Amino acid sequence: MKSMKFEEVFSSKPRMKILKIISRLGTLNVSDIARRIKLNYSTTNQHLKVLESEKILQQRVYGRIRMYRFKDASPRAIAVQNLLDVWEQTSVQ
Amino acid sequence: MLYANSVFKDESKLDINYVPKALPHREKEYRLLMEFFNFLFQFSEKMSQRVIITGDVGTGKTALSNRFGADITLQANKKKIKLKYIHVNCREYRGKISLILQHILTIFQANFPKRGYSSEEVLDMLFQILDEEATHIILALDEFDTLIKNEGSETVYKLTRLQEMRSNKPQRISLLFILRDLALINDLDESSKSTLQRNIVNLKKYDINQLVDILNERVDMSFNLYAVNDDVINSIAEFGYSESGNARFAIDLLWRAGKYADANNKRVVGMECLREAVSSIFPSIRKSEIDSLTLHEKLFLLAIARFFNYNDVACASISEIEESYEIVCEEYSEKPNSHTQIWKYVQLLSALGIIKIKVRSASKRGRSTFISLPTIPSNELEKELNASLRKKVSEKHEI
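If you read the sequences in order, they're chains A and B.
At the far end of the first sequence sits residue 93, using my numbering, and the numbering has no gaps.
At the far end of the second sequence sits residue 1399, using my numbering, and the numbering has no gaps.
Bound-form chain A, shown alone (with noise of 0.2 Å):
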């Protein structure tokens, strides 16, 4: 898949929707996080498989299972879970 722009990658509210629930969860297989944010399941697969070309998440498979987390030692996933941290915690306040 080709690279895509910052602004096109945060530009999807899917995958905006995405990436907080797996920053509040941690690791969740597809047809879980298509539930939660209420897509159908190839449209989820679809944003996921953006979202792990850019280096934010990784999949890992079990069996017939696929589960999406951040991405181990990458700096974008990093960059992203503290702005979603920062972004969570100046919102209580």
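Mixed in with the good hints there might be a few duds.
Reference excerpt, derived from the structure (chain B facing chain A, CB under 8 Å, subset only) [as the list claims (entries may be wrong)]:
# : residue
1 : T1106
2 : Q1109
3 : A1110
4 : N1111
5 : P1113
6 : E1121
7 : M1125
8 : D1131
So the derived list for chain B, only partly shown, Cβ under 10 Å to chain A, looks like this [claimed, not checked]:
#  : residue
9  : G1116
10 : Y1117
11 : V1122
12 : E1132
Don't read these hints as lab results, they were simulated from the structure.
Remember, predicted model here, so these are calculated numbers, not experimental data.
C-beta atoms are modelled at their ideal positions from N, C-alpha and C, and glycine is treated no differently.
Position chain B relative to chain A; hints supplied.
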């Protein structure tokens, strides 16, 4: 302060899930368990182990396993060995291996989907996670009896051969089977039986002195200083012993007696608190039983109730009760019966399970019989008997 007017300083130390730092009278078994799993410190990926812990209810199987699990994990982690102890009660998962494996998986991946996977698939996923994390787990399957009964030989066989199904791969799962009745293993097929019966830690039932030690230790941890009488501890130990050496039952009884002391605003847990605790567990005396007694049997029982109501002791000699009986007879204007007759009352009340008798060598003159009122609160019994006797006396006067 929460415990300002309580006999307790920390009642959580009497909770069923509390595991003390050391288990009295289980030191040998603990060392044996550590020996069985010693390989983990050197070859955690090259070996795995299967051990059975067996023993009656309340002999410390779960406590021993949990203590061992916590200690070995700590030791391993200090040596940078990735080890996790997982304790599962098979009964909570209806003895179903698929539910148990699913639960274990969620320990590593909290959001793992819960439905639609066979046990084999879940097991493969678990091994994959353990390989990724380079972790060895000791899986303690408590109440393993439930799993054997539900799943039968086939599953048990697979469990015992987990590692052999993954040849040339690191060993990841050791098993600790905890079960009450070792005879259940005999119903399994020969191969499962032979693999399982290699390492057995057998916990014998606690004797009275061991139960006293256990109770004393828990009293020190959970009650204020001098808040529990020695008589109470000894009596609880006797109860625990009569319930197949059940330490769990004894500890629960101790907690209940403490609760009754608090409810009655007492500073010390005495025999009466224990009787109330016991009567809350065992069925107490029925009114019909009292009504069926003759006048003098009632008077004698009242004498017993009074004695224990005013003396916070666990047992009394027959002569002590006889003295109390004479006073009761005086009160009800009755002539006390002879010693031979009294002995018959003792036998009858004991047969009815209202009192307990014990023969001990008490003095130089020989053996004496001691009476105790273990399960019925003496004040309740006294009230009940007074009411029944008043009725009987008034009937007598009417005639």
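Now for the hints, and whether the structure bears them out:
1. The restraint placing B:T1106 at the interface with chain A is violated, with a minimum CB-CB distance near 11 Å, outside the 8 Å limit.
2. Among the interface hints, the one on B:Q1109 holds; its C-beta lies about 6 Å from the nearest C-beta in chain A, closer than the 8 Å criterion.
3. For B:A1110, the interface hint holds, since its Cβ comes within 8 Å of a Cβ in chain A; the closest pair sits about 6 Å apart.
4. At its closest, the beta carbon of B:N1111 sits 5 Å from a beta carbon of chain A; the interface hint therefore holds under the 8 Å criterion.
5. Annotation: interface hint on B:P1113 holds; nearest CB of chain A at approximately 5 Å, less than 8 Å.
6. Among the interface hints, the one on B:E1121 holds; its C-beta lies about 5 Å from the nearest C-beta in chain A, closer than the 8 Å criterion.
7. The beta carbon of B:M1125 comes within 4 Å of a beta carbon in chain A, closer than 8 Å, and the hint placing it at the interface holds.
8. Using the Cβ-Cβ criterion of 8 Å, the hint placing B:D1131 at the interface with chain A is not satisfied: the shortest such distance is roughly 11 Å.
9. Hint on B:G1116 holds. Least Cβ distance to chain A is approximately 8 Å, under the 10 Å limit.
10. Proximity of B:Y1117 to chain A holds as hinted, the smallest CB-CB distance being about 7 Å (cut-off 10 Å).
11. Of the supplied interface hints, the one on B:V1122 holds, with its beta-carbon coming within about 9 Å of a beta-carbon of chain A, less than 10 Å.
12. For B:E1132, the suggested interface contact is upheld, since its CB lies about 8 Å from the closest CB of chain A, less than 10 Å.
Hint compliance for this structure: hints 1, 8 are not met, and every other hint is.
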